[in-house]
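J.: Residue-level listing of the chains:
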Amino acid sequence: MPRVSLEEKLMPDTPVPQFPPLPPVRQWLGPVVVAWLVPGGGHFMLKRHYRGAILSASVLIMFVFGLLMRGYMFEPMTGDLLTTLIYTGGFVADMSAGIFYFMAKWFGYAAPDIAGHTIDYGTKFLVGAGLLNIMAVVDAFEIASGRKQ
Amino acid sequence: MKMNLSHFEATLLFALFASAVLGVVSKSTDKERLRYGLRSFGYFAATVFGLGWLMYLGHR
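Listed in order, the protein sequences are those of chains A and B.
With the working numbering applied, the first sequence covers 1 to 149.
With the working numbering applied, the second sequence covers 1001 to 1060.
Pulled out of the complex, with its shape left as it was, chain B reads as follows:
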């Protein structure tokens, strides 16, 4: 069995797990952890979209 993910799927999965761990280890209350994890995921996703568009426009 081999998994084939697109760039988008792979980066978002990576962002999801990294954000979950960052949220758990970084803050001191559950509410703060959840907020930090979500914010971190948002930053990851925004970076993926931003760099994706940058590369797309750079190759035109």
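Only chain A is shown next, with the shape it has when bound in the complex:
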């Protein structure tokens, strides 16, 4: 059996596969924007209906549970570092739920930020729904750009 040196093991002759270059913006921008605005919509647009339905249902149910628990929706706020991080980060995460966030705002949803475990869970469900949608948006981008099936 031929002996393989450490150098050969660390630097094999076969070239390391390069990450594919970013395709033109028009190829992925549509599905990404739709995926943000309508959770699961990007997958439907890319003909991944089954996965789109699961993503859509998960984000929607989580968001509705958050509303039913009277979760607080963050507004951007500045102050000390922690306040800025929590409130601005929370606002971005809430808004990541797309049309659900905007509809809740349009219909006048404005639960106060008060103590209580149910309200606290509601706040986390609203933020969580947005964060899950960010994962769905990234997945839609990877499918649209040909990096994933």
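What the hints contain is simulated information worked out from the structure, not anything from laboratory work.
A few of these clues could be false.
Only pairs whose alpha carbons sit at most 25 Å apart, straight line, appear in this in silico DSS-like list of lysine-lysine [as the list claims (entries may be wrong)]: (1) B:1002 to A:124; (2) A:47 to B:1031; (3) A:105 to B:1031; (4) A:105 to A:124; (5) A:148 to B:1002; (6) A:47 to A:148; (7) B:1002 to A:47.
Following the hints, complete the assembly by docking chain B onto the known chain A.
T.: Structure of chain B alone, referenced to chain A:
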């Protein structure tokens, strides 16, 4: 209408939806997605039980 869930119900629901999305976006075949989603849910549930017992024993 207001929903009142216990800590256990809320965390398990959170785990269920997070696992579903993690499973869908993480793997490349349906079988792998299902397995990853179930495994992820199992880890979430185990963490909830573990931390629950830890807090219970810590308060005794």
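J.: It remains to establish, for every hint, whether it holds in the given structure.
T.: Tested hints:
| no. | hint | in the structure |
| --- | --- | --- |
| 1 | B:1002 to A:124 | 16 Å, holds |
| 2 | A:47 to B:1031 | 19 Å, holds |
| 3 | A:105 to B:1031 | 39 Å, violated |
| 4 | A:105 to A:124 | 17 Å, holds |
| 5 | A:148 to B:1002 | 41 Å, violated |
| 6 | A:47 to A:148 | 13 Å, holds |
| 7 | B:1002 to A:47 | 37 Å, violated |
Comparing the model with each earlier hint shows violations of hints 3, 5, 7; every other hint is respected.
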